[in-house]
Amino acid sequence: MRNESRAAALFLAPAMLVIFVLFLLPAAASLLLSVTDFDIYALADTSNVRFVGASNYQALFGDSVFWRALRNTLYFAGLGGPLTVMIALASALLVNAKLTRFKSLFRTIYFAPVVTSLVAVSIVFRYVFHVRVGLLNQLFEALGLAPIDWLGDPRFAMPAIVVLAVWKNFGYSMIIFVAGLQSIPEELYEAARIDGAGRLQQFRHVTIPMLGPTFLFVGIVTAVGYLQLFAEPYVMTPDGGPLKSTLSVVMLMYEQGFRWWSLGYAAAIAFVLFVVIALATVIQFRLQTARDRAAASAARAAKIVEGEA
Amino acid sequence: MKARRGTVLLHIALVLGAVITLVPLAWMVSASFMLTGEASSYPPRLVPSAATLDNYRALFTRMRIGRSFLNSTIVSVSITVLSVLFNSMAGYAFAKLRFRGRDRLFGLLLGALVIPTQIGMLPLFLMMKTAGLVNTYWGVILPSAASIFGIFLMRQFMSSIPDDLLDAARIDGASELRIYWSIVLPLARPILVTLALFTFMASWNDFMWPLIVLTGEDKYILPVAIATLSGEHAQDIELMMASSVLTILPVLILFIALQRYYIAGLMMGSVKG
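Protein chains in written order, with the numbering used here: chain C, 1 to 309; chain D, 1 to 273.
I should point out that these hints are in silico values taken from the structure, not numbers from a laboratory. Quick caveat: nothing in here was measured; it's all calculated off a predicted structure. Heads up, the beta-carbon is just placed ideally off N, CA and C, and yes, glycines get one too. Just to be clear, a hint being listed does not mean it is correct.
To be verified - Taking beta-carbon pairs under 8 Å as the criterion, some of the chain D residues facing chain C (in silico): (1) 138; (2) 253; (3) 257.
As the list claims (entries may be wrong) - Label-pair ranges, simulated between beta-carbon atoms: (4) C:142 x D:215: 42 to 50 Å; (5) D:110 x C:143: 46 to 54 Å; (6) D:110 x C:17: 13 to 21 Å; (7) C:64 x D:137: 35 to 43 Å; (8) D:98 x C:300: 39 to 47 Å.
To be verified - If you want a taste of the chain D side facing chain C, the calculated C-beta under 7 Å gives, among others: (9) 29; (10) 30; (11) 249.
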């Protein structure tokens, strides 16, 4: 036993050192940083740092630019998240269908955007969305529709970024859904068929409930990733977009922390983001647990009715 | 007959999806071979009139992208080697070594997955500055030398290694290090390949932290270099497409060659153990 304990310490040391010193410690230090007025003067001479309590947070909540960034980020996650999950599920159903041929080819193609560099594809999509020569507007014109100034119109700039994000990320969630679909026992579908359920009903009463945990996993991973929106607007709309409609919370944090060196203020932004992400995670957990409980009690009620029939 | 029509519709949808997915990438490649100004000409061109390597040449000579390519390779290989080693050691400890507080520590690490990486970047930068690691390879490598997700993946896989195998080796007098090196690692080869692949791709594509800690052009990795380029050369579409191709191609080739491992690892990471 003791041999194993000693060995364990050795085996754990390098990874734990990296994770604690270079990830957990800085994360905690960020909280500390957010209650100081660390700025460019402190960068030059650390004795300039003062403890300022909650005044960074007060300034933050009174800053309309921050609220704009938060609204933009929530809009992006709220629009992009469900869209990504739905398209991922749809493509998983298509790829996993019994009649599908060349399954792995389609799976590879749909997954390819996931492994590409976000910066590289943001550069590509900046031109795809070009108002005059972009692919998307070329398609619009071919279909007889009026071209849209995607990145210049405050109504369409964030939706354009949503399109990019969905394109890039749906393949990842699709694979998770495929794994989930393949883990549903065939007997459940057979039982439903015996009870007279058509394909749509089988989908609603077998597939969807059984995918509950998968929805939770995909929902959380997608939401957490999208709330950290940074590279796309940084590359496509570096000035924050038309009427600052694509400025994201992380972009604001980066600007404040590493352009203006207001590290204390930026740390407050980072901490608020952390709280938002934690909330989004907890809310999804609660929603899914409630759904599971409702499904379970519905199943029980059905059994009781059946027993009485 | 109905089944036949269903199959046709199914495959039409699949092909449509594939086309939509591939078109931006195909256009990127096509435009990278176009002459300057061709991609933004009117009426728009989808294929180059006379394919040229000029854009790539310009990238390697005038823009010296070869340097960034080298930086990316050095950084990504280093991160991959270190983190596969560190993560597999830690994963093995959590999976197979018995010690006090093991499950509690692992639970703590899993909980920490909720913490966004950006929150630590500000103090981390100050730490790096104090340590003199700003604008160095180590400044980029060290923070990625281990990851909670990597440890999780390793532990998932190694849990399935039979205890009797390891206990037998212990009875024979083998040291823990020997057991790890000669028994566990060879058995874990598939998952090691998967983790190496994940890690290489993630580090190759990593953007925000390298953007922060690398302050000199000579150390830029590819994503940072092309982001800077896109700011200065926004009008030169063909050049920017070529730079994107260079950044995407290595990882895409790696993925296509080893996709079996990647997808299997992804599924393993998502299914509850």
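Going down the list of hints, with the structure as the test:
Interface restraint check for residue 138 (chain D): the shortest CB-CB distance to chain C comes to about 11 Å, outside 8 Å, so the restraint is violated. The closest approach between the C-beta of residue 253 (chain D) and any C-beta of chain C is roughly 10 Å, which is over the 8 Å cut-off, so the hint fails. A cut of 8 Å between beta carbons decides the hint on residue 257 (chain D): the least distance to chain C is about 11 Å, and the hint is violated. Against the hinted window of 42 to 50 Å, the Cβ-Cβ separation of residue 142 (chain C) and residue 215 (chain D) comes to about 46 Å, which satisfies the hint.
Between residue 110 (chain D) and residue 143 (chain C) the beta carbons are some 49 Å apart, a value that agrees with the proposed interval 46 to 54 Å. At about 19 Å, the CB distance of residue 110 (chain D) to residue 17 (chain C) agrees with the hint of 13 to 21 Å. Range check, residue 64 (chain C) to residue 137 (chain D): Cβ separation about 41 Å, and the 35 to 43 Å hint holds. Our hint of 39 to 47 Å for residue 98 (chain D) and residue 300 (chain C) holds, since their Cβ atoms are close to 41 Å apart.
With a least beta-carbon distance of about 10 Å to chain C, the hint placing residue 29 (chain D) at the interface is violated under the 7 Å criterion. Of the supplied interface hints, the one on residue 30 (chain D) is violated, with its beta-carbon coming no nearer than about 11 Å to a beta-carbon of chain C, more than 7 Å. For residue 249 (chain D), the interface hint is violated, since its Cβ never comes within 7 Å of a Cβ in chain C; the closest pair sits about 10 Å apart.
Figure legend: structure checked against the earlier numbered hints; hints not met, in rising order: 1, 2, 3, 9, 10, 11.
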